[in-house]
Amino acid sequence: MVKYTISLFSRYNKYIKKYIESSLSRKEGRMLELKEICFSRDNKKILKNINLNIDDNKMIVITGPNGSGKSTLAKIIMGIEKPDSGKIIFNQKDITNFSITERAKIGIGFAFQQPVKFKGLTVKDLIEISSGNSIKVCDACEILSDVGLCAQEYLNREVNGELSGGELKRIEIAMLAAKQSRLTIFDEPEAGIDLWSFNNLISVFENMHDNLKGSIMIISHQERILNIADDIILISDGVVQKHGKKEEILPYLFSKDNLCYKNKCIQSS
Amino acid sequence: MDKIEKALLKQIADLETIPVGAYNIRENGEGIAKNTTANIDIVTKKNKSGIDIIVKANTKNESVHIPVILTNGGFRDLVYNDFYIGENADVVIIAGCGIHNSTCETAEHDGIHSFHIEKGARVRYIEKHYGEGAGVGDRILNPETKINLCENAIMEMESVQIKGVTSTIRKTEANMEKGSRLIISERIMTTENQIAKTIFDVNLNGKDSSVHVASRSVAEDNSVQEFISNVKGNAKCFGHVECDAIIMGNAKVISDPKIEANNIEASLIHEAAIGKIAGEQLIKLMTLGLTEKEAEKQIINGFLK
Ligand SMILES: Nc1ncnc2c1ncn2[C@@H]1O[C@H](COP(=O)(O)OP(=O)(O)O)[C@@H](O)[C@H]1O
Ligand SMILES: [Mg+2]
Numbered sequence: 001m002v003k004y005t006i007s008l009f010s011r012y013n014k015y016i017k018k019y020i021e022s023s024l025s026r027k028e029g030r031m032l033e034l035k036e037i038c039f040s041r042d043n044k045k046i047l048k049n050i051n052l053n054i055d056d057n058k059m060i061v062i063t064g065p066n067g068s069g070k071s072t073l074a075k076i077i078m079g080i081e082k083p084d085s086g087k088i089i090f091n092q093k094d095i096t097n098f099s100i101t102e103r104a105k106i107g108i109g110f111a112f113q114q115p116v117k118f119k120g121l122t123v124k125d126l127i128e129i130s131s132g133n134s135i136k137v138c139d140a141c142e143i144l145s146d147v148g149l150c151a152q153e154y155l156n157r158e159v160n161g162e163l164s165g166g167e168l169k170r171i172e173i174a175m176l177a178a179k180q181s182r183l184t185i186f187d188e189p190e191a192g193i194d195l196w197s198f199n200n201l202i203s204v205f206e207n208m209h210d211n212l213k214g215s216i217m218i219i220s221h222q223e224r225i226l227n228i229a230d231d232i233i234l235i236s237d238g239v240v241q242k243h244g245k246k247e248e249i250l251p252y253l254f255s256k257d258n259l260c261y262k263n264k265c266i267q268s269s
Numbered sequence: 001m002d003k004i005e006k007a008l009l010k011q012i013a014d015l016e017t018i019p020v021g022a023y024n025i026r027e028n029g030e031g032i033a034k035n036t037t038a039n040i041d042i043v044t045k046k047n048k049s050g051i052d053i054i055v056k057a058n059t060k061n062e063s064v065h066i067p068v069i070l071t072n073g074g075f076r077d078l079v080y081n082d083f084y085i086g087e088n089a090d091v092v093i094i095a096g097c098g099i100h101n102s103t104c105e106t107a108e109h110d111g112i113h114s115f116h117i118e119k120g121a122r123v124r125y126i127e128k129h130y131g132e133g134a135g136v137g138d139r140i141l142n143p144e145t146k147i148n149l150c151e152n153a154i155m156e157m158e159s160v161q162i163k164g165v166t167s168t169i170r171k172t173e174a175n176m177e178k179g180s181r182l183i184i185s186e187r188i189m190t191t192e193n194q195i196a197k198t199i200f201d202v203n204l205n206g207k208d209s210s211v212h213v214a215s216r217s218v219a220e221d222n223s224v225q226e227f228i229s230n231v232k233g234n235a236k237c238f239g240h241v242e243c244d245a246i247i248m249g250n251a252k253v254i255s256d257p258k259i260e261a262n263n264i265e266a267s268l269i270h271e272a273a274i275g276k277i278a279g280e281q282l283i284k285l286m287t288l289g290l291t292e293k294e295a296e297k298q299i300i301n302g303f304l305k
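Chains as they are written, first to last, in the numbering used here: chain A, 1 to 269; chain B, 1 to 305.
Next up, chain B with everything else stripped away, as it sits in the complex:
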């Protein structure tokens, strides 16, 4: 691996060396390294691009790393990853995509991830997106995540788009059975002329299912962000969506939340806020010796942490 590849892996998966446990590293459309364990199998798909990740029932304290890196411009990578998480398993999955595009052509990665999480299983899914490179070519990432949570299953999803992604449309859809829980935390930062669109579709179908979506974003320069969520309560359930955006420069932020209760026992809350950095926050940090720029940076870093 060269320097660029190593740096990308560090950014998106916090990897300095080959990870422990199961992993599959994909570069420019091809798997370049793979490891399975006694409990976790990774099978390359035959009919289309992608892998099946199969976690045996009752697997505990194991992790799967599946980072994707793109270092060639003019390349569109479309990949289907299916995760099968057995009953009562408890695993961490670290995905993410880093693009280094030094060309003037578009580099694009569209990942379609499906999660089948069996009864009582628990998954922590971390997905980081990052773009860099001196070229004028676009860096496009369009992740799609489909989540099926069986009885009492839990999924925690952390989705972070750090920097440098020209355009992204991220769709997340969840279907939730009895007693299942979904906790999503999203962090997005856009600059220049970047565009980021997030769509959450959550169906709370089972009794006592619950979802919590927390989205925090910062839009700088001329970037545009759109947040769309639709949470349907079809049973006695609980849903809470909060999205909070800081807007700067000439950026534009659209927040379009929707909650739909189809059952008298459904309890759904939506909170949305868009605003510039509060003046009093800047002033407070300036009284501690920071310049206005430094104060701004501290506030944003903290907000997106």
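Bound-form chain A, shown alone:
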């Protein structure tokens, strides 16, 4: 009897421990950890010992001067570039050696700074592939209209060189909206879509943030995008210079003696 009680107790104890752990980690909600990431090419140190923790359910904006390594960092998270050293942990799992496909399947998504053109594949094809072939046509249409494209006009268009840069950018965003990843990275989504009212773009991100269980990471120079962030990360010259709540970082970005501001890496709209 005593034995039984002890074993029950220890099982119970284990359960409690697990529960406490999981609720702790839920509270903390760590989604992505980058540990000591280094990346050099052509004798140039592009990323210098990057350490970053990204929490769940967050809207994060990464900003910093051109050439500071923002796109490289995004490619390393997606698995397109391999770091020379360092570790990537996603939802408590070491994914440093995961392929691009594996990372896509466990919930990482990436909208390219320069969208890729495809001779022969249509907008519909790409949205279907993005959704894992599970999307209904009416949902695909809704996504397209969210990014400011008339579905009727675009659904069967080829994603080729006949589309403008802005159209390609919107299709790229639509693909990621269809993919529904736990972590979605957008690399300068605002570039080339100045004609489209900025409010729509912002509400696409806000909707995704509300409806998705996950985090959104936007690489941007736009003040209005910085304004919707929970957290802001400032990268310059391959290092994380600042990482914190929007309320802490924004004043720093706009302070007169900040180099970044002087170099106009922030554009107000």
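Take the hints with a grain of salt, since some may be wrong.
[Said to hold, decoys possible] According to the in silico footprint, chain B covers these stretches of chain A (three or more CB under 8 Å from chain B):
#1 118 to 124
#2 128 to 137
[Said to hold, decoys possible] Within a straight-line C-alpha distance of at most 30 Å, the following computed DSSO-like cross-link-like pairs (lysine-lysine) qualify:
#3 Lys119/A - Lys128/B
#4 Lys124/A - Lys276/B
#5 Lys197/B - Lys48/B
It is worth saying that the hints were derived from the structure and are not from the lab. Think of the CB as a built atom: it goes at the ideal place given N, C-alpha and C, for glycine as much as any other residue.
We have chain A already, so just place chain B with the ligands on it with the hints.
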């Protein structure tokens, strides 16, 4: 009809049942089914193998199916088909050849098609080629298409070689009068040790005639493809040839375009590109969850669509 025959017809002519309108189905060198309509006559040639397809002037919205299937190895089928399309007619012609060769001997179909398209008539011509069968015997298809377009006539030709043809030489020749238009779209895929050669000879003889040739092909494994085109502008005319090939494995692709302007008002363009699948296309699709192989397949299917 047995299963194999039905499957071949589905592949080359998208036919599940007997087609509506005029048709002539040929199997292993013999006509096995034929139908004519009030406006479209099909007459079996007397002096040689083949048929005359005669479409009356002003015939609208009608179609002609003339599929050919070969299910016997060791058989060479040579056929002459002549199409006479009357003034202002507007028809769709679906041709194509499917070979099922389970023997070790060669099965070959050489079709020589001549089109006489009268003033103001319009033809959409769809030709699909397909080979299958477990035998080691070659599956050979050599289609020859001769097109005469009278004043303001229009021909749209879609030529598709889907799979499994060991060797093909396809020749297309066009002579074009005033205001006529020719639009050709070609899709070819070769694998293993297959050989495909395409030759286009277009003579833009009449004022304001125009041709547009778009060829897309994929060469895999050890296959060899050759694209030869020769567009002659003999009047005020417009010619545009684009050929685009994806090369994979140890394949070889030769593109030999020629444009010849014999009139100061002739405007001719040629664009040719050969290359492997762009790495960034593969990467993009992989970021959407496809494996590299799946991505490759999507890109090729889209490209040849
Ligand atoms: N594969 C590579 N080989 C060589 N240089 C690279 C490579 N990838 C990035 N770089 C260089 O690294 C720097 C940072 O690039 P990038 O990450 O695109 O910056 P950002 O997105 O912040 O503008 C640039 O100077 C760029 O030229
Ligand atoms: Mg960048």
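Check your understanding: Would you say the stretch 118 to 124 of chain A counts as covered by chain B, given the rule of at least 3 residues with C-beta under 8 Å?
Key -> holds (count 5)
Practice item. Mind checking the alpha carbons of Lys119/A and Lys128/B for me, to see if they're no more than 30 Å apart? Key: 22 Å, holds
Practice item. Tell me if chain B covers the stretch 128 to 137 of chain A under the three-residue, 8 Å CB rule, please? Key: holds (count 3)
Check your understanding: Regarding the pair Lys197/B and Lys48/B, is the alpha-carbon distance no greater than 30 Å?
Key -> Answer holds: Lys197/B to Lys48/B is near 27 Å, not above 30 Å.
Point to revise | Restraint status (C-alpha distance of Lys124/A to Lys276/B at most 30 Å) | key: 24 Å, holds
Of the numbered hints stated above, none is contradicted by the structure.
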